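K.L.:
One-letter residues, chain by chain:
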Amino acid sequence: MDFNLTEEQKMIASSAKEIAEAFGPEYWRQKEEKGEFGDEFWKAIGDAGFVGIAIPEEYGGSGRGTTELLTAMEELAANGCGMAGVWYLILTEVFGGLSIVRHGAEEHKRKYLPGIAKGELEFCMALTEPDAGSNTLNTKTTAKKQGNEWVIEGNKTFISGADRAKGMMIVARTTPKEKVTKKTLGLSLFLTDLPHELVEVKPIPKHGINYSHSCQVSFNGLRLPENALMPPQDLGWYSVLDTLNPERMSFTAAAVGIARLAINKAVDYSKQRKVFGDVPIGSYQGLQFPLAEAYATLEAARLLNFKAASLFDNGADAASVGAAVNMSSVAAVENATKAVYWAMQVFGGYGYAKEYDIERWWREINLIRLAPLTHQMALNYIGEHVLGMPRAYY
Amino acid sequence: MNMIVCCKQVLDPEAPPASFKIDPANNKVVPPPGVPPVISPFDEQAVEAALRIKDNQGGKITVLSLGNNLLRDVVKKPLSMGADELILLEDEAFEGGDSWSTAYALATAIKKIGEFDLIFCGRQAADWDAGQVGSGIAELLGIPSVTVAKKVEAVDGKARVERVIADGYQVIEVTLPALITVSNELGEARYATLKGIMAAAKKQPIIWKPSDIGVDPSQIGAPGRRSKLFKLFQPVREGKCEIIEAETPAEAGTNLATKLREAKII
Ligand SMILES: Cc1cc2nc3c(=O)[nH]c(=O)nc-3n(C[C@H](O)[C@H](O)[C@H](O)COP(=O)(O)OP(=O)(O)OC[C@H]3O[C@@H](n4cnc5c(N)ncnc54)[C@H](O)[C@@H]3O)c2cc1C
Ligand SMILES: Cc1cc2nc3c(=O)[nH]c(=O)nc-3n(C[C@H](O)[C@H](O)[C@H](O)COP(=O)(O)OP(=O)(O)OC[C@H]3O[C@@H](n4cnc5c(N)ncnc54)[C@H](O)[C@@H]3O)c2cc1C
Chain B
10 MDFNLTEEQK MIASSAKEIA EAFGPEYWRQ KEEKGEFGDE FWKAIGDAGF VGIAIPEEYG
70 GSGRGTTELL TAMEELAANG CGMAGVWYLI LTEVFGGLSI VRHGAEEHKR KYLPGIAKGE
130 LEFCMALTEP DAGSNTLNTK TTAKKQGNEW VIEGNKTFIS GADRAKGMMI VARTTPKEKV
190 TKKTLGLSLF LTDLPHELVE VKPIPKHGIN YSHSCQVSFN GLRLPENALM PPQDLGWYSV
250 LDTLNPERMS FTAAAVGIAR LAINKAVDYS KQRKVFGDVP IGSYQGLQFP LAEAYATLEA
310 ARLLNFKAAS LFDNGADAAS VGAAVNMSSV AAVENATKAV YWAMQVFGGY GYAKEYDIER
370 WWREINLIRL APLTHQMALN YIGEHVLGMP RAYY
Chain E
88 MNMIVCCKQV LDPEAPPASF KIDPANNKVV PPPGVPPVIS PFDEQAVEAA LRIKDNQGGK
148 ITVLSLGNNL LRDVVKKPLS MGADELILLE DEAFEGGDSW STAYALATAI KKIGEFDLIF
208 CGRQAADWDA GQVGSGIAEL LGIPSVTVAK KVEAVDGKAR VERVIADGYQ VIEVTLPALI
268 TVSNELGEAR YATLKGIMAA AKKQPIIWKP SDIGVDPSQI GAPGRRSKLF KLFQPVREGK
328 CEIIEAETPA EAGTNLATKL REAKII
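In order, the protein sequence lines correspond to chains B and E.
Residues 10 to 403 (the working numbering) are what the first sequence spells out, left to right.
Residues 88 to 353 (the working numbering) are what the second sequence spells out, left to right.
Only chain B is shown next, with the shape it has when bound in the complex (with noise of 0.2 Å):
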């Protein structure tokens, strides 16, 4: 078992290193602040090349996995990027790039693969609706078959970046739940250009990350060629695991480079911070052993979330990624929520403070145990497919 970089993991590291130090904690603040896109950010980390990391060079990218995107996710956020540095790769290379690199027929790949690779043509996924959050099953948009067009009819909500992607791909139902002989059958993957007048988008005002914005969107009788159907129909619930559980490790590798990134800034100010007498309040234990089990229970997180992504690359079944995945992103979740909840608690009343980014890395900590899938979903699945234990919902 070989717990090292390659070389060219390390370089890429360092890479992803040096761009987060120029578009650090300020920069983010900023852009949070006024709710804006970080373009000059999407410029430079779609000029060196990492909107394209894990899309095959033959499509213009490198060729390269997950590993090598979680690698250059977390060092993104862990040096001043914090969630930013990991949202918009997911939004565009993982539900864009991934979901057609795995799926998408060969003219798919042709028209949008390049324009990822280069960050070029922004993406977004519309999987969630307002009666199918965890339970996707329960999706009600359909696609439906007049001619040789697809007509989609029904409304998503949450759905990150539509204001500005040029690409979406669309979970919709293609046959009805009565109809099917397995629950899981039915849903299909179709991919659309954006903006669209038949497709409705309206911004969420929402707790945090606001330099992305979540949407509101109604699909009014958009009329899609036959061939925006990323096949095979009706299996649409199967092809979209290979995009949600790349999500599920882009999540953690937020959480730990984000928990990352509060552990080292709150560390720092609290060998400075004396309060009492002339000892500084990282002595104090109360302090100390929180941050350090986070700290310690997060390496344990991501090394798990490395082996997912292993298993993911090398092509493993559904289920074994799956259990590395879910397990990953239980230890993640917890433990990070709680590292940055203690880098505010170090920070005092400045924890508080916008200056100190803690209260935003808060909000964006915040997140990870709602979407993509919440906290009690994973564990759900840990119980059921893991330990083999009874389904507690139908």
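Possibly wrong hints are sitting among the right ones.
As the list claims (entries may be wrong) - Each computed SDA-like pair below joins lysine to any residue, with the alpha-carbon atoms no more than 25 Å apart:
#1 K290/E with Y390/B
#2 K26/B with A286/E
#3 K282/E with N114/E
What the hints assert, rightly or not - Listed next, with one range per pair, are the computed distances between beta-carbon atoms:
#4 A339/E with A380/B: 47 to 55 Å
#5 P119/E with P214/B: 39 to 47 Å
#6 K198/E with G33/B: 39 to 47 Å
#7 E172/E with S329/B: 54 to 62 Å
Simulated from the structure, these hints should not be mistaken for laboratory data.
All values derive from a computational prediction rather than experimental measurement.
Yeah, the Cβ is synthetic: ideal placement off N, Cα and C, and Gly gets one too.
The hints should help you fit chain E with the ligands onto chain B, whose structure is shown.
P.N.:
Below, chain E with the ligands without anything else, positioned relative to chain B:
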């Protein structure tokens, strides 16, 4: 255009100051654990200067690094930025040198490389800040050198260099071959790209031992030092804050200026 860039692996100057430690008994800096070394930032800008010339008119960039146990992912960075070849002068005999013994070994290696039009160095290494090696190499090779450049162009067998001075810059023309040391005013060095990183990971550096370049062993590394380090220590810094009192802002300014003049700061 044949260009050579000298790049030094140094302790990361951005490492937290609290992690900086020295071993006073041996007059040595103790590398901070968990903070990987980097290419000296001025040297990265020297690579950038060479790359800009290569972007404009083509050419070959050979990077030369001297040391021992050099980390491959660190010393290969210039390759990932777009340099063509990496030569490592790597041996324990090169350890513990000073500006002279380093310049001597690098100059000897450059003679072995043979053909070159321009040699670039950083204005100084980010660890010892001596700023001697560049000029030393030029002296040993008998070629002109221009220091602290902020812009370098190569035209008609000459280099046109904008050289930083206290309140502006000079424009200097120098015949080639020449050596130029590069300052931070050149602007940010480019990021390593994924394509560059992949190419760099595949390339094997050429490794030269002292015997490969035919240096006099008594003139390299610690034995070759011409300077002696007597004492390495961390000065204790004390911050003192004085509030300049005054009735009006104008008066406060005058009082501040007087204080600064008394302290011989202005
Ligand atoms: C900022 C943000 C960005 C997002 N971006 C996107 C995007 O780009 N694309 C996209 O498609 N979606 C996106 N989402 C949606 C996200 O994936 C969902 O919010 C998430 O899957 C949870 O679904 P829900 O909000 O409907 O919660 P619900 O499913 O309604 O869950 C509510 C609560 O009930 C609990 N619960 C539900 N079922 C069970 C059970 N069986 N056992 C125990 N507890 C249970 C959950 O854990 C949760 O605590 C985003 C969400 C947010 C907040
Ligand atoms: C929004 C806001 C509004 C406020 N409004 C007011 C106001 O109206 N008026 C006012 O006067 N003040 C106000 N405050 C200030 C507030 O009371 C202080 O922030 C608070 O007392 C903590 O002090 P500190 O921020 O200096 O933290 P510090 O004292 O620096 O504490 C930093 C960390 O060290 C820990 N620590 C310190 N000593 C020990 C120890 N001996 N053992 C273990 N741990 C220790 C603390 O628990 C904390 O986690 C406000 C603060 C905020 C954020």
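K.L.:
State for each hint whether it applies.
P.N.:
Outcome of the hint check:
no.	hint	in the structure
1	K290/E with Y390/B	violated (45 Å)
2	K26/B with A286/E	holds (19 Å)
3	K282/E with N114/E	violated (41 Å)
4	A339/E with A380/B: 47 to 55 Å	holds (54 Å)
5	P119/E with P214/B: 39 to 47 Å	holds (44 Å)
6	K198/E with G33/B: 39 to 47 Å	holds (44 Å)
7	E172/E with S329/B: 54 to 62 Å	violated (43 Å)
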